[in-house]
Every structure is written in C-alpha cells, then in structure tokens.
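If you read the sequence shown in our numbering, its first letter stands for residue 37, the second for the next number, and so on.
Source of the hints: derived by calculation from the structure; they are not laboratory data. Treat each hint with caution, since some may be false.
To be verified - The calculated label-pair distances, taken between Cβ atoms and stated as ranges, are: (1) P489 <-> Q568: 58 to 66 Å; (2) D208 <-> R566: 18 to 26 Å; (3) P118 <-> A150: 18 to 26 Å; (4) P489 <-> Y278: 40 to 48 Å; (5) T585 <-> R83: 36 to 44 Å; (6) P315 <-> D392: 41 to 49 Å; (7) D208 <-> P489: 50 to 58 Å; (8) T450 <-> Q195: 52 to 60 Å; (9) A222 <-> S61: 38 to 46 Å.
Only a predicted model underlies this, so the values are computations on that prediction, with no experimental measurement involved. All residues carry an ideal CB built from backbone N, CA and C; glycine is no exception.
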Amino acid sequence: MVEQDMLWQANLRSTYMDHLLNLLSLADRLGHEATSPEALLNAFLPRLLTANVGIVEAVVYRLGTTALSPWASVGTQAAPEPKPLMGLATTGLPTTGSSHTGPSIYEQALASDAPIHDGQTLIVPLRVQNTALGILTLAYAEASALTDQNDQIVGALAQHLALHLVQKLTKDLLDKQHAATMALNASDSVVDVAKALKGAFGINNSCFTLYVLRWVHQDIDSLHKLEIGKETHYTPIAAFDYTALKAWHKQWVNLTDAVWYRHQAISDVNDIMRKTMIPAQADSAYILPLRYGHQILAVAVCSSDRALALTTSERTILQGLAEKAAIVLRQLLWDAHQAMPHEDEDLALQLKRMQDIAEYSKDVQSATKARNIMKSTLATLFRLLDVQYATICLFNHHNYKLELRAERYFEAITLDANEAITPETHTLASDAWTQQMMCKVDDLQQAPNIAHPQHHNLAKIMATPIQGRTGYNGVLEVGSTKAGAFSKSDITLLHQVANQLGIALANVASLEMSARRATIKSLANDIKSRIQRQTDMEGLMQVTVEELTKALNAQTGRIRLNVEQSTIKQEDA
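Generate coordinates for the entire structure from the input sequences, incorporating the hints supplied.
Put into structure tokens, the structure is as follows:
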C-alpha cells in the first residue's frame with residue numbers, strides 16, 4: 037500500500053512537471069512569434085484555457101497610475117472593467133487618495149510573490165524582479181481546482197509570461213525609438229520634431245502635446261503650445277505668469293521626467309504647470325522635458341482620461357529619445373535666432389561670415405567622430421577670424437578636470453591631447469569655465485597676472501564656454517597677434533562656433549551611446565540564444581560564463597551557484 041502511494045505521488049509530480057514544461061514551452065514559442073504584447077496575450081490565453089478544462093475565464097490586467105487596466109481576456113461574458121487602485125503604500129506603487137482605507141485584493145496580489153484565492157478565482161502577480169507589470173486572474177468552474185500544485189504551476193507560468201511581456205514592451209518601444217530618431221534626423225522644423233516624438237509616445241491612446249519655450253539670451257521670452265492632429269495648431273500662451281514659469285523652470289531643470297495623476301499625494305507638477313499643460317479632464321499624464329544644458333527647450337506631455345502604464349525601462353528609452361530631440365530642437369532654434377550683422381561692420385563681410393558659419397554647421401553636424409569635428413572647428417576659426425591661436429578644451433567626466441583636447445598655433449595642429457587646464461597654466465580658459473561666461477583680454481602684455489602658454493607671442497585672447505547636452509562641457513579659446521580689441525562681430529562669431537561645436541559633440545555622444553546600446557542588445561540576444569539551446573545545467577553554466585567573459589573582455593570568468601545550503605557549485609572559464 038505504501039509503495040502504491042509513493043508511485044502515485046511520483047506519477048503526480050511527473051504529470052505536474054510535464055504540464056508546467058508544456059505551458060512554459062508554449063509561452064516561449066508564442067513569445068518569439070508574437071509581434072507585440074497584445075498579440076502574445078491574445079494567442080496564449082485561449083491556449084491556456086484549452087489546456088486547462090477547469091479554467092473558464094482568464095484576464096490580464098496591466099498596472100497603471102490609477103488603475104489596473106484590462107490588457108487581454110478570454111472567456112468573459114462582457115468586457116472587463118478597470119480595477120481602481122485603493123492604496124499601495126506597502127508596495128511603493130501609486131496611491132490615488134481614495135476614501136478606502138486599504139489596498140484591494142488585486143493590489144495585495146501585486147505586493148505578494150504568491151497567488152491569492154478569491155472564491156473560485158486565482159489572482160497571480162506579473163512581476164519581473166522589482167518591476168510590477170500587472171496581474172493574471174483565472175476563474176475556475178469549481179473551487180476544488182485551486183490546489184497548491186495548481187498555484188505553483190500558475191505562479192511559475194506568470195513569472196515566465198511577465199518576462200516575455202517586458203521583452204515585447206521594450207522591443208516595441210525600441211522600434212518606435214529607431215523610427216523617431218530617423219524622423220528627428222530629417223526634421224526641418226519644430227513641427228517635425230513634435231511629429232517624430234508623437235510616433236514614439238503611443239501610450240494608451242493618450243493625447244500628445246509639445247510645449248515650446250522660447251528663450252532670449254538667458255530669459256524665457258514666450259511659451260507656445262503645439263498640438264499635432266488632423267491639423268497642426270501652434271499657438272502662443274498669452275495669459276501666463278512668467279515669474280511663476282521661471283520658478284517652475286528652476287525646479288524642473290534638474291528633473292528627468294514625471295508621472296502625474298489625480299489625487300496624487302506628492303507631485304513635482306505644481307498648480308501653474310498642471311493648469312497650463314494638463315487638460316482639465318485628464319486622469320493621468322506623463323511629462324518629459326527636452327533639456328539642453330541648463331535650459332528646458334520644450335516639454336512633451338502625454339495625457340489621458342484613463343490610467344497610464346509605463347515601466348522603468350520604457351521611461352528610460354523615452355528619456356534617451358528626449359535627449360536626441362533636444363539636440364535637434366536646439367539646432368532648429370539656433371538657426372531661427374542667428375545673429376544679424378552689426379551696424380558698425382561691413383555688411384558684405386558679415387553676410388559672408390554667416391554663410392561660412394552655415395557651411396561649418398552643416399559640416400560638423402554630419403560628422404560622426406569628435407576628432408573630425410574639432411579639426412574642422414580649428415580650421416573654421418582660422419578662416420573666419422584674424423587669429424593665430426585656437427584651443428578646444430573639454431571636461432573629463434572621469435577625473436572631473438578640464439582638459440585641452442585640440443590646439444592650433446599658426447600651422448601647428450595638435451589633436452587628441454589631454455593636457456590639464458588650470459588657472460596657473462591657462463588663466464582665461466579656466467575663468468571662462470568656472471564663471472561659465474565669455475572672458476577676454478584685449479591687451480595681453482598689460483595683464484601679467486594672466487597665465488597662458490603663448491603669453492609673449494599673442495596680443496589678445498578670448499574664451500567662451502561650450503554648452504553641451506547636459507550642461508557646459510568645455511571652453512573654446514582663441515588668440516591673435518594683432519593689436520586692438522576684439523570686435524562685436526568677432527565675439528558673436530565665437531559664440532556661434534561654440535554653440536555649433538557643443539551641438540555637434542552632443543550628437544556624436546548620442547550616436548556613440550546608441551551604438552553601445554545596440555552592441556549590448558546584440559550580445560544579450562546571442563547569449564540568450566546559446567543558453568536556450570542547452571539541455572543541461574553544466575552546458576548552461578559553461579556557455580553563460582564563456583559568453584559573458586568574451587562580451588566583457590575579461591581574462592577569466594566564474595559562476596558560483598548555490599545548489600544546497602552547504603554545497604557550492606562552481607564553473608570556471
């Protein structure tokens with residue numbers, strides 16, 4: 037009798053494992069075939085019901101700002117309703133400020149790693165590490181079907197399904213990001229930038245609006261609302277408190293993004309911003325600044341009368357896209373506000389200089405290497421200004437020092453230098469960096485306290501900061517052997533070259549970051565593909581450590597696997 041019972045238990049475990057493996061295999065296959073999270077769910081849920089005759093209804097809800105919104109369902113008599121969030125203080129997720137005193141059973145499931153029973157319904161969290169994606173609910177014909185073994189099967193399946201859903205969400209947004217980046221590269225106007233962003237911000241059928249801030253020097257001049265629909269509307273917002281706007285800008289210039297929803301207890305969105313940028317009927321909004329240096333050039337707002345759902349990885353991708361959009365927008369706004377010739381200068385000469393600046397801009401914006409950009413910049417300065425000395429100094433984010441990267445003195449050109457810039461060696465460049473403003477000396481021989489490597493050979497020098505994507509990232513300095521002060525036109529031209537240089541270097545940094553991300557993604561896919569082909573633990577460990585060692589350019593690699601309480605399994609490569 038005991039032997040029969042043991043045999044029955046062994047057969048039951050074998051059947052349980054076979055059933056689980058079949059479901060996991062099905063999720064894997066559909067996960068690779070599906071083109072979107074919705075396609076995956078719509079293909080998988082009907083098969084789940086077919087494979088489990090006891091299940092009569094299956095619904096997947098996605099976690100949003102104010103509710104769990106239906107994502108996909110099968111077997112339901114009517115369309116599932118959203119599940120409002122009552123309060124998730126214990127999970128770190130949003131709290132709506134509802135009059136209810138505690139979280140609903142669905143929110144309890146989100147906060148738990150184990151399935152929860154609600155009558156004849158099983159509620160299982162969809163979670164990938166610390167990212168709560170939503171919940172899976174399964175309604176059974178009989179309550180007796182809700183066994184511990186069944187809970188384990190569904191729990192393991194939910195974890196596997198959540199992983200595939202996150203991968204699909206990320207891939208879908210990366211595809212949109214690529215398309216938007218191509219559109220941004222071809223943008224000729226602010227409207228083109230808005231259209232490119234709208235294509236990537238397809239969040240829950242939300243309404244997309246771009247608010248553009250116009251700057252005059254260091255002051256906000258005006259605020260414009262750009263709506264993209266069947267018709268494009270670009271209208272200034274006249275009735276606006278610019279003192280409050282400046283205060284908001286000071287607060288937001290260091291923020292990456294924000295999610296707003298009704299009854300939010302604490303928010304970075306103040307009243308003036310909410311009333312101006314978020315529609316009155318909106319339930320939730322995602323707000324993303326387009327920042328260049330210390331200025332917000334525009335604010336992208338996605339608002340909806342429903343809950344918005346965004347994972348951390350999705351927000352990170354959108355933030356990267358905003359960086360690229362800010363670079364393009366900075367270039368467009370610079371073109372629109374190019375300085376006109378000064379009255380005291382020769383008009384023909386000034387127009388020629390403006391044409392040369394436009395050609396320089398086109399040249400460096402198409403460059404893909406920082407070295408080529410700096411070489412072109414030095415040549416342009418010597419061609420447009422009566423100077424015999426020019427240097428490009430960039431901030432090193434690894435050692436936090438300003439370093440000379442490129443230098444030209446008469447015909448002698450030095451590229452790829454790494455000389456530290458200090459007040460003792462380059463006083464004016466150091467002052468321009470620390471003060472973040474243009475500095476000049478019109479008679480260097482009368483300024484013995486100004487240190488410079490060519491102090492005895494130059495008559496005058498001036499330096500101006502280079503504004504990059506995330507702030508000032510360097511200094512551009514020129515010097516001349518000719519006596520006499522620099523003209524207004526000289527100063528304006530140096531500013532223009534510095535602006536174009538900053539934009540071009542930001543573009544290259546963005547391209548290099550995209551290339552690194554693509555390489556990492558490709559390596560991850562290769563490693564995943566090799567791992568999935570392994571049939572045993574030894575092979576899986578060996579492939580993993582070999583591929584990671586190769587990808588990280590490491591000499592050795594090691595995996596330490598905790599198999600049992602006192603047993604450590606080790607694999608070296």
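Hints versus structure:
For P489 and Q568, the hinted distance range of 58 to 66 Å is satisfied, since their beta carbons lie about 59 Å from each other. A hinted range of 18 to 26 Å holds for the C-beta pair D208 and R566, which are about 25 Å apart. Take P118 and A150: their Cβ atoms lie about 24 Å apart, and the range 18 to 26 Å holds. The hinted window of 40 to 48 Å between P489 and Y278 holds, with their beta carbons roughly 45 Å apart.
Checked against the hint of 36 to 44 Å, the pair T585 and R83 passes, with Cβ atoms roughly 39 Å apart. Taking 41 to 49 Å as the suggested C-beta distance range, the pair P315 and D392 conforms, at roughly 47 Å. Range check, D208 to P489: about 54 Å between beta-carbon atoms, so the 50 to 58 Å window is met. Against the hinted window of 52 to 60 Å, the Cβ-Cβ separation of T450 and Q195 comes to about 57 Å, which satisfies the hint.
At about 44 Å, the beta-carbon gap between A222 and S61 stays in the expected band of 38 to 46 Å.
In this structure, every one of the numbered hints holds.
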